[in-house]
Amino acid sequence: MFTLYGATFTSRLLLGTAQYPSPECLKQAVEASGAEIVTVSLRRESARALTGQGFWALIEQLGARVLPNTAGCHTAKEAIATAKMARELFGTSWIKLEVIANDDTLQPDLFGLVEAASALTKEGFEVLPYTTEDLSAAERLVAVGCKVLMPWAAPIGSARGLINKDALKTLRAYFPGTPLIIDAGIGAPSHAAEAMEMGYDAVLLNTAVAKAGDPVKMAQAFARAIEAGRLAFESGLIEPRDMACPSTPVAGTPFFKIDNAS
Amino acid sequence: MQILLNGKRFATEAINLDELCESLGFADAKIATAVNGSFVAASERKKTALIEAAEIEIVAPRQGG
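From first to last, the protein sequence lines are chains A and B.
Each residue of the first sequence is one higher than the one before, starting from 1 at the first, in our numbering.
Each residue of the second sequence is one higher than the one before, starting from 1 at the first, in our numbering.
Bound conformation, chain B alone (with noise of 0.2 Å):
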């Protein structure tokens, strides 16, 4: 299934969020996740589905002002 990945198009066959940071290789990375620009907690990733097109966000820390 196509999905946006942090802004760009991501081919995935992840059939879940928790899945789809595994696949990344983020299984004991310290990132968050929002899909569809909501917040989703790393407790509800293996709960939420992925579905075409979902817009997915992962991110860590970085600096800032």
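Bound-form chain A, shown alone (with noise of 0.2 Å):
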């Protein structure tokens, strides 16, 4: 069980639900992913297609919580307004705020980030920010009313898993009571096993289950890596060494001579 803003899950798998080769395959994914919290955004609507009515249909049927996000707003001032019809749209207080600085890296633009994660705490929000693994960024988060922080593993959609793995352990360490989730870069479940194992509370992805060859069948591995992670973590992993040494036990070993036999 982890709790994030008051809300307790068993499950510490949030899934995207962009990008799936069919809203029945989305559908099976998030069933066999066992997540209890699903990203959405807000897009224009258009009053021929009527887009986003059919979707909202299917989001109703998964009886997961939606957790909305600000994807592609480049300022404070589009991500608070987009927040705000976010939150209208989908009765939600909780938004995954992103402001982007940079189109080929997706990187959050921290100062933005900060900038409207304020403003919308002031405003009631229950914010969790898409954010680097900056220690500084993430102070300044937790300093403006963040309770849950989101660094990045790697850049969005791009498979890589935690490319900076000392700064992640670094922000594990000094937020020790501070929900932390990865969100973004995620390709393997190994990856997220290993987020997990340092521990990590939850992980986001969407890419690496949407785009895998069955989706479905991905959304389970995902699930089970990350529960691995997770009980590897509260077990307490063993420390690596530089030499080796033996498992099975040396004394007795046959054909070891003790004394010369003459």
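In case anyone wonders, no lab produced these hints; they're calculated from the structure.
A portion of the hints provided could be inaccurate.
[What the hints assert, rightly or not] Straight-line alpha carbon distances no greater than 30 Å define the calculated DSS-like cross-link-like pairs of lysine-lysine that follow:
(1) K84/A with K46/B
(2) K47/B with K77/A
(3) K77/A with K46/B
(4) K47/B with K84/A
(5) K77/A with K30/B
(6) K30/B with K211/A
Relying on the hints, combine the two individually framed chains into one complex.
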């Protein structure tokens, strides 16, 4: 069990809803993943297509809590307006806050992020900021009222895994009581397991499941990896060492001569 | 009057945001709105008069990561 803004969850996998081959596949993948939180966005609605209305009907069937994002926003002003539209649209004060600095890396604009997080928490939002592993940005986000942090592992959609493990370890050590969710850049279940072994509270991913050859099976794979990683963290991992250390008892090894026969 | 609706020029006779949404067939739709970059709550749409060159955003739920 873990808690985000007073709500408790069993699954530590948060799943995105984009890029699946079909709506049915999305539904099955969410079910297979066991995810209790799914991320959604808002986009311009066409009066002719009414795309969003059909999508919302599908999301309601999932029974998962929705976490709307502000994906694509490049300024604090855009992110704040988008968050407010999302709050009304989805009926939740939770917001996955994204303020994007650069279209090639999709890295967060940490200055705009802190500015938007500060404004939104004052207006009653419960902000889950998509940030980097930067400690000073994390401190400021917590100072303005964020009770959850979501550092990236690697750029969104890059599937590269934890590219700055040292900084992620520091972040975990520095914020022992703050839920930390790895958000973005995860490519394989082993990446997710590694994050969980490091003591991260949860993992948010999308592309690695949606773009897999079999998204439903991959959703299961991630669910198990995240559970395994968490169990490992709770169990206490042994420390790596430079030299070998036999696991089989040395005493009584056959053919080992204690004395010479003659 | 000419407005910018979801980034495109659009001609409308609607006098307020609520009328615009209704004229587009969004009366019962799950949508949210913004005018000139600021959020406008559903309860405020009737009170929000449209003016020439206003920039209107009408959004709905969509897939997201």
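Index of numbered hints that the structure contradicts, given in increasing order
The structure breaks none of the hints.
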